[in-house]
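Asker: Dock chain L against chain F, hints included.
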Amino acid sequence: MSEADLLLRLDRVACVRGDRLVFEGVSLALARGGALWLRGPNGAGKSSLIRLAAGLLRAAAGTVERRERIALIDEGAALDPELPLRRALDFWARIDTIDGPRVTEAMDAMGLAPLAEVPVAMLSTGQRKRAAMARVIASGAPIWLLDEPANGMDEAAKARLVAAIAKHRGNGGAVLLASHFALDIAELAELDMGALA
Amino acid sequence: MTALIALFWRDLRRAWGSGALWLPIVFFLLVATAFPFAVGPDAPLLSRTGGGMVWVAALLAALLPIDRLVRPDKETGVLDQLAVRGFADEVVAAVKIAAHAFGFGLPLLAALLPAAALLAQDAARVEMLATGLAIAIPALASLAVLSAALTANLKGGSAIGGLLVLPLAVPLLIFGAGMLDPSGRGAVKLLGAASLLLTVIGPFAAGAALRGLRE
Numbered sequence: 001m002s003e004a005d006l007l008l009r010l011d012r013v014a015c016v017r018g019d020r021l022v023f024e025g026v027s028l029a030l031a032r033g034g035a036l037w038l039r040g041p042n043g044a045g046k047s048s049l050i051r052l053a054a055g056l057l058r059a060a061a062g063t064v065e066r067r068e069r070i071a072l073i074d075e076g077a078a079l080d081p082e083l084p085l086r087r088a089l090d091f092w093a094r095i096d097t098i099d100g101p102r103v104t105e106a107m108d109a110m111g112l113a114p115l116a117e118v119p120v121a122m123l124s125t126g127q128r129k130r131a132a133m134a135r136v137i138a139s140g141a142p143i144w145l146l147d148e149p150a151n152g153m154d155e156a157a158k159a160r161l162v163a164a165i166a167k168h169r170g171n172g173g174a175v176l177l178a179s180h181f182a183l184d185i186a187e188l189a190e191l192d193m194g195a196l197a
Numbered sequence: 198m199t200a201l202i203a204l205f206w207r208d209l210r211r212a213w214g215s216g217a218l219w220l221p222i223v224f225f226l227l228v229a230t231a232f233p234f235a236v237g238p239d240a241p242l243l244s245r246t247g248g249g250m251v252w253v254a255a256l257l258a259a260l261l262p263i264d265r266l267v268r269p270d271k272e273t274g275v276l277d278q279l280a281v282r283g284f285a286d287e288v289v290a291a292v293k294i295a296a297h298a299f300g301f302g303l304p305l306l307a308a309l310l311p312a313a314a315l316l317a318q319d320a321a322r323v324e325m326l327a328t329g330l331a332i333a334i335p336a337l338a339s340l341a342v343l344s345a346a347l348t349a350n351l352k353g354g355s356a357i358g359g360l361l362v363l364p365l366a367v368p369l370l371i372f373g374a375g376m377l378d379p380s381g382r383g384a385v386k387l388l389g390a391a392s393l394l395l396t397v398i399g400p401f402a403a404g405a406a407l408r409g410l411r412e
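From first to last, the protein sequence lines are chains F and L.
Position 156 of the first sequence, counted from 1, bears residue number 156 in this note's numbering, the numbering being contiguous throughout.
Numbers given in this note's numbering equal positions in the second sequence, counted from 1, plus 197.
These are computed hints drawn from the structure, not numbers from a lab.
Here the structure is a predicted model, which means the values were calculated and not measured.
In this text, a Cβ means the ideal position worked out from N, Cα and C, and glycines have one as well.
Only part of the chain L face toward chain F is listed, based on derived beta-carbon distances under 7 Å:
1) R207
2) D277
3) Q278
4) A280
5) V281
6) R411
Between beta-carbon pairs, the in silico distance windows are:
7) L:S244 to F:P119: 43 to 53 Å
8) F:R87 to L:R245: 46 to 56 Å
9) L:T328 to F:G43: 54 to 64 Å
10) L:I398 to F:G18: 26 to 36 Å
11) F:L21 to L:L226: 55 to 65 Å
12) F:P84 to L:L303: 24 to 34 Å
13) L:L226 to F:G100: 40 to 50 Å
14) F:R102 to L:L201: 16 to 26 Å
15) F:E105 to L:T199: 17 to 27 Å
16) F:G100 to L:A320: 43 to 53 Å
17) L:L201 to F:A61: 27 to 37 Å
Just chain F, same shape as in the assembly:
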């Protein structure tokens, strides 16, 4: 991995939530085209590590270096429930100052075109995850931090997710993925968070 290709580096980071040390001494690096799967049982710190990498949590020790923009999927889809899906995604397009066709492409990639006029509140869990994934794709951010992106997705949606990740990596992006279960992603590095607890 060359220094020029590096997008994200965590160096001996520790995470403390409340009074509990969740993990310490975790180091990882993601370069263009790279992908890393964080696996482990509930409470192992996968989500905390994702939030730490995103800058939403402060590291109790160690350093976090981000060299590019980040797109994040976590528990909430961050889409206004009262809006039709397309309008909810358009809001983030305006925030990210990207144009409409990119949103259309992202919706197509996740098979959401038929749901464009459906209010977000009416979407199922899996459909909301697909919508959140469309928001990530449309953002154009090189670093994807995906916390349980496939939760609630059916097999067809998982295949779309895997294809989107492969395309992103092919375009020089990187993916940090936290998931309970394995996804069929090629050349995927692993970090067992359970072994660190």
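Answerer: Positioned in the frame of chain F, the structure of chain L alone reads:
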């Protein structure tokens, strides 16, 4: 700047879509209608005390939508997404304050006319009330967003939020109502100073509270 405008319009749309447009109007008119029943149909007494009642109602109207200002954005992950995109919490708070000021402030000023009529306020007093409220609305919005951010993690947060900001709003009430006193001509300047102070401090205090929600 485009992103901030988008965020402002989104907050304003959600505020008006969730009832913030008509709620202060209904609230004001309810207070203005109920107050004469409580004190009796004595026009001079209503005229003397009605202005202060309008100020109390304005403060409560600002606090009505506390539950909808921050908590939904925290629960759906909108605040996290904004933070990931590099929006400073203070900027997000400032946009929320601006949107709340417009969201409840404009309907409040519109509701002032019928409320003042019901409370036997003459034209001169209505003008002073409108001026005072226009000066105080940014500060009231600032206090409401601060309160919403501080209590977003708490169940029944809006009740606690009211208790939190009430002491901070007292100077606004004193100087705002003081404007109506013929001997209180300096009150407008003091009201402006108090409003400016709260409006400037608000985004920083609310921003710190938003940051605390992530920990």
